[in-house]
Structures are given as structure tokens and as C-alpha cells.
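Dock chain B against the given chain A, drawing on the hints supplied.
Sequences listed follow chains A and B, in order.
Okay, so the first sequence: first residue is 1 according to my numbering, each after it adds one.
Okay, so the second sequence: first residue is 1 according to my numbering, each after it adds one.
I should point out that these hints are in silico values taken from the structure, not numbers from a laboratory.
Check each hint, because a few of them may be wrong.
[To be verified] Example chain A residues on the side facing chain B (calculated, C-beta under 10 Å, incomplete):
hint, residue
1, R19
2, M132
3, S242
4, S278
5, A288
6, K310
7, M313
8, S314
9, G343
10, F376
11, L412
[Unchecked claim] Some chain A residues flagged as far from chain B (calculated, every beta-carbon gap over 10 Å):
hint, residue
12, S52
13, L125
14, F131
15, L150
16, S248
17, L251
18, L408
19, F416
20, Y420
21, G434
Glycine included, C-beta positions come from ideal geometry on N, C-alpha and C.
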Amino acid sequence: MATKIPNIEDAQLRADIDRSLRHPVMFFFASGAAWLAVSLVLGIIASAKTHSPDFLSCCACFNVGRTMPAHMSTLIYGWGAQAAFGVIIWLMSRLSRQECKKSGIILAAGHFWNLMVAIGTLCVLVGSNNFMSGTGIVWMAFPKPIMIALAATYFLIGIWAVIAFRVRRGGHIYISQWYLLAALFWFPWIMISGILFSQIYLGDGHPLMVTASTAWFRSALMFLFFTPVAAASAYYIAPKVSGRPVYSYSLAIFGFWALAIVGPWAGMQRMMGTPIPSFMQFLSAGAAVLMIIPAIALFVNIIKTANSNKDAMSYSPSLRFTVAGAYGMLTFTVLGALISLPGALQYTQFSTAQYGLELTGLLGFFSMCMFGAIYFIVPRITNREWISASMISQHFWLTVYGVTFIALFYTLLGGFMHGYTLEQVGEPTEAAVGRLYPYAIGLTTGFVFLLIATFMFCCHLLLMWLRLGRRSSHPTLLARHAHASPHGPEGDLDKLESLDSNASAN
Amino acid sequence: MSVQPIDPKKPDLEESTNVAEQHAAVTRASAAATREQQVRENGLEPVSIWIFIAGSIVAIIAGSVLFSSNNLFGYDKFVKAGYVQADEVGGVKTVPMGEVEAVYMAKGASSYNKCKGCHQPDGKGNAAFPPLAGSEYVIDSPVSVLMAVINGVEGPITVSGKSFNSKMDPQLNKSTDNLEMAALVYYLQNSFGNKVGKIYTPEQMNQVKAMVAERPEGLCSAAELDKFRKIQLEGDLFEPGTLINKKTGEVIEQEK
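Isolated chain B (complex conformation):
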């Protein structure tokens, strides 16, 4: 491209500059920039009254939105009344509920996820870890199985006629929810081929917690678990088919 730099000081009619040629060269070298139009600023058209009217309507709506909060700076009333979803429909309190066996099995299965790694999904155990299927410590009493889970187990132990020697750390603790403990017992006693069928109530779990508080801290031995195997829980069991609240474990009274 043969574009000569233009010296702005030179008047256009100075003889050494071929004006037409220069113009043509620049026009070609930067065709797009040359043909574009100047931005003309400062259009002074009067602003239509309709724009003011539209703006005022918007401002009025915005103001009404702002002041629809009854309590702009009342830090006690953060939530506007009537906004939160109610848990009552037509005056009837709706609670999540289900039959106790189904609720316990679902809750227990979810707790068992922690145990799967060693005791296996089918509860049969492996060479190092004892089975839960057919285990006397699981079937004989809810106390022995919960003591094992809450305190942990250490040392040689014989389960279903086979001997094991491994260690289990505590998996639950004294503050664990009663409902979760009762559900776990039901799940372990009625899965993997075990068929005990007793449905313990969350209240009965307080007896187990009392026993945990009485014994010294530390992991259980096989001898200690054998002692717990002989203890049964006192009190009434749940009837099969009882409706309970899925969250609290409370019995739902049914209207006859």
C-alpha cells in the first residue's frame, strides 16, 4: 500500500501534495473508517410528556413496593406475617407419618450405610469382621447390639461359632436420637435373614443410655457383651402397624 503520511501543517493546495491521490489512497487503506459518519451529540429534542408520566407511574409503584413492608427497621419482625408457608391445611395439622415398621426399616437402612464397609451390605461380614446375620449378639437382646455400637468392641470374640479378633470404634454416642437407635435395632434384628420382630419404642432406649452411663468408659470386651446379651428391655413394645411421626417418633392417635 502506498499511503503517504499526511502532514497536517501543509495546506491542501501546496504543490507537492497530490490531494486527490492522497484522498483516494487513504480511502482505500481505511475504507470503513473513512465512510463512517461523525457522531453528532447534543440532540435537544424536548422530552415527551409521556415519558414523565411513565416514569411517575413506575416511581409510584416502586414507592408502594417499598412501603408495603409494614416494618422497615423493626428488627424483631423480620418475616412478614402471612408470608411463611403454613403447615396446616384447612385446619388439619399435617405431619409426616408412616407405619412404624416401614419408618424404622428406612431409618435403620440409612444408619447402616456407616456399617456396610466392614459388615458388608448383606450383613455376612468377612474374614476379619464378624457377621450380623445370625449373630447371637444381635438376635438375643437389643442391649448387647447397642452397647457394641455405642461403646465399640475390642478383643477376641466368637460369633456364630467362628472366632474373630478385631476392633470396632464407637459408632453412636449417648446423645444419639432415641428414634435412630430404636430404628437401628429393628433394622439389624429384621434384616439379613434375622427375624426377631420386636418393635422397641424410642422411650425404651433411655434404659440403654442409663446402662452406658453406669459402665466405665472404653471399648467393650466379649465377656461384657455376653453379660448384656442376657438383659432385656422393660416396658411395652409398639404394636405392628402403629402410625408414628417420621421425625419425632411420637405415636399418632387415629380417630376411630
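Excised from the complex, chain A in its bound form:
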């Protein structure tokens, strides 16, 4: 059982690790959150264009053909990748019990990454027509030089986490480390394959092959980078906050290998009916269904672990977001399997269901786990506590509401309605667009909720970055009554410190 006496040397080491990483991690989180807000604004414009085409028609850069790829790229490379990097380097250092000695290099690489994302987004929006023009390839819309620069910058960020693992202290490798290490190696594999196949080898080649390799790229980035990072964070936060062991460690290991074996095969089901070898399409559709198995392993483990400490569930923001992320994982994979069934693909292949599914995965699963991790990590690296519990609570509920709306209403209902109308021979495409109208408004509404939530989150994070958080021995919890806190009565650290220095002066 847990010992209640804190091990002081251990705490000192943890605090030193946190301090060594505070600049890069905080930079990744804060700029990532800002990109998330930018991405949602672009998403609202793109979505609004589908139901109100005259919205912002003054300027070509607001066309859906530009805002849509800019929205997706900022979501993936601006928010997703940066949140993941922050969590990877912090969690890997903590679990390997090693301070980071190269945080300056990581910070510089992080600045360069942001610069590249900013230039790439501007290129896509401006729509220039030279070597710096957007590629128009989904999820890889940035100009080719920018994509290559991003892939190269990754090595400067990721290598230090691999080194921290290599020189780790302590013999046992925790499940989160498995997931993190896998993500660290899978990310460059996916990025380099994606760039090589859809931009360099096949850039001027057959568009079918570009579409096929991009379909794999999207699925692989989701299943083999965002998923393992989110899973690593969930497997850390749930036992850490609840103070209980992972429900079944062998199930966790099984989930990891199931993901590693099944994940790379998915993706090609989007090419159903195209002239590529048909085993690829059906194997991928099968893999998309099989992805439910690692999702069940993660879901059961996280929920069982968190449920073993009901108090922690009610008061900890980190745990609440992580549990929501576990539900998001299950929803994402079940929804993904449903729309990848060969019978359903007839309706979902070209409809909004695919886009809605990507949003469900990125926002409902990955982002939820990242929010959980950020609410846990930031007080440790800034030595300040979150300012307002109600802001965290509102962030949570607005995000959950927005994502649920997008997943169920837009993806499931809208996707099938849209696809069904597209399939009607003799009906003009206009009819399908008309059928999509209420769902497009629904998507905009969902995005607006998410944007409000993200705006609050950004402000909160920015205040923490400016070191304006509460100085307290007591964390910011969601429970309304202080007696529910396991950390005893609240103490003001500044007051305690001044007493302390007075005492030593005397």
C-alpha cells in the first residue's frame, strides 16, 4: 500500500526534472493551444462556407479550398504534434527519472517548428503559385519544403526523449514508456513515408497512388502517433491521480501489441472500389474493425483504474479529462469500424463521415487525453496552481458537448445522410449539399462550443505561463468543498515562505 510519508529525495528529483523541462514543455503547450484556437477559427470559416457560401466572400483566402486544408494542418501540426511533443519529453524524462540537459535545443527546435507551421499556413491561405504553394494533399497541405523541414525538426525534439530512455534509471519499463518509445519511432517513419510517397516519388505521378498513400498516412498518423501518445498519457495519469495500480497490466501490454500489429494495416479502406489490389482495401477495412480491440483494452484499464478511486474522479481535472479521452477512444474506433464496413463505405466513402471521424479522433480522444496531461503537468513545471476551477470545469463541459455533437450528429447521422443522397442516381449533387445543410450548421455550432472552450483554456494557460498562477500547497480541484480534498487544509506558499525566511533570519 501507499506510504503517506513523502520520500523527500524522490520529490526533489521529480521537481528537478520538472524544472529542467519547464521552458520547452510550457512553450509546446501554450503555442499548441494557440494553434488549436486558430485551427478552430479556420474550421468555423470552412464549415460556415458550406451552409452560407457568402460568408466572408470578400477575400479569396477565406475560400473553403484554402481554409479547409489550413484548418486541418494547423490542427495536426500546430496543436496535435506540439501537445504530443510536450507530453512525450516531459513524461519520458519523468518515467526514465532523468533530467533533460538539452532543453535549450528542444526550445529552439520548438520555435522553428512554430515558424514552419506559421509559414506553411500562410502559404496555404495566400495560395501562391510557385514552389511554396500548398500541395492540396489532405493532412499534408503545407508546401513540400515546409513538410521536409518539419520532419527534420522532429529529430531535434524527439532524439532527447530517446536518449532519456536509453540512460533511464530503474529497471522496469512502464507501459507508458512502451507507448512513448513506439510513438517516437513511428512518427518519423510515417512522416518520411508520407512525404516520399505522396510528394516526392509520386508528386507528378498517378493521382490514384498519391490518394492511396495519403489515405494510409492519415490513418497511420492517427493510430500510430496520436493514439500511442494519448494512451501513454492516460496510462500515466489514471494510476497516478487515483493512486491505484493499473487495473490489469497484462491487458495493457496486450493492448500495446494489438495496436502495434493492427494499426499499420488500416487506412486503405478509403480506396474501396479503386483499381488498387483489392486485398489492400479489404485488409484495411478489417484492420479498422480490429482497432476496437486495443481500444477496449485501453478503455477497460483506464476506467477500472480510475473508478477504483471515486473521490479522485470527482475532484481531479486531469483524471476527468483522461476518462473522457478513454470514452473518446472507444467512440472513435467503433465509429471508425462502422463507417469502414464494406457495406457502409458505399455511403461514407465520399461523404462528410470521413472528416467527422478524423475530428472525433483528434478532438474527442487525443485532445482530451492531452488536456488531462496538461492540467497535470503545468502546475508542476510552473510551481503554480491553476487559477480557476470553474474555468477548467467549463472547458471540460463545452469540449465534451462540442465533440459529442460532432461525433454523433455530424459524423454518424450527417455522414450517412450525405452519402445516401450522393448515391441516388439521377439526383443532382446539389441535393446532397442541400441534405447536408442542417449537419453543416451543426458542425459550425460544435466548433463554436469548442472555440469558446479553447479560448478559456488558452487564457488560463497563458496566465500560468506568465507565472500568475496561485501559489498554494493545494491543487485546484473541481470539488466544491475543501474537506473533500486529500491534501489537507490549503496553505499559501508565499506566506509560508516568508515565515520560513523570518525564522531562519532570526
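Positioned in the frame of chain A, the structure of chain B alone reads:
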């Protein structure tokens, strides 16, 4: 902050260390790190049978998805039968069709986008380029206008009583679709105030192509175009209101 580094080799009860003070100092300096709990690993709860059952159901569905393809490695049958959208509804073949005048005007207007730059959207031309509105080369014969467009024109030329001296490169070629050529002629002869009204068939365009093949390569002169102005195409014209296939130009037989 007055945090003294802790020497791990010193036992806690060594006299020079005030243990309570050190603990308090560290606790304050890193409150969050101190209060957090250790991750306890290796939970060994038995995995519920229901998880196995759920996993098996998923695996069976995935397997049936995989083998629902009749032909995993048959590279000849890439497309599963019955998947491709049919172009027949209830046994009636559906083709895109329209009345010939409307189809020709729409196709011709789209081709004319290339000409707008010099001849202007209203077909009136400007100081350097001759007008198409009221031009004898456009109105008199489909041959002269197509020869000009296919071969290009060079040298002094008088159009509607005004003389011009400029150059037009070839805009179409011998392999251009007959339907596109016929539509362009109809568009030019019936726009900008021109009212000729004759609807040439795509087949008649083969006569023009034959004339192009006979003449030597190079741009046309005004004298050559004047010769073509006197030639008319042989064969039957389309009746107004004939239904044609928008893509192929074939006449659609209507059931009476």
C-alpha cells in the same frame, strides 16, 4: 527560497541536518511534485471473460469483412461486382441530353473564353484586333471562320470596312472534337448581334478538316480566307429543337 541541497549519503538523523526544516522547505519549493503519488505498476486483476468475448466478436466481424472480398489477390477483378454506380435506372438508359441550340451555345461560350482577351467579351474587337460582330468572315461561311481559328491568320485584312494588321496563332487543331468545332461556329454566328441560325452537325466538320489537310502548313492570309468564304458545307443541317447527347453530339431518337 532557502532550499539546501540534500546529501543522500547523510542519514536523516545526522545532527547537522534539521530534517523537519528540510522537509518543509522542499515541500514548499515543489509542492506539486511532493504531494503526488507514486505510480504503482503491475496491477494483476484477472481479465474479465467479457473482454475476451467482446474481442472475439470484433475479430469475427473483422474476419468476415476481410473475406467478404471474393477476390483478394485476383488482380483482374479490381472492382467488386455490384459496387459501381450503374448508369441505368429501371432499365432506361440515362444520358445527358439537351436541345441542340442550348447545348451548342453553352459549349461555344466555354470555348470562346480563349478568344475573349483579344476579340473582347462583346465580340466587337478593339483597335488592334478585328471584330467578330458583323464580320463577313464569320457570317458568310463556317469554313472561313474555322480555317482562321484552326490555322491562324497573319497579314493585312479588312473586316467590316476597317483594315487591321495583326497576327493570330492557331487556336484549335485537326484533332479537335467535331462537336466542339460545330458548337463554336454556331456560337460565333449567333452571338454579338450575328443572326445566321444554321446548325451544323459534327459530321459536317470532317469536310473542314479535309480542307485543312489539303492546304500547306502555316498561317492563313486574307486572300486565302476570302477564297474559303465562298465555300459552303454540304449535307443536312440539324433541325432546331433536335435533342442531342451533350457529350457525344449523337442525335437522341425520341419515341413518338
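Hints not upheld, ascending by number: 2, 6, 7, 8, 11, 16 and 17
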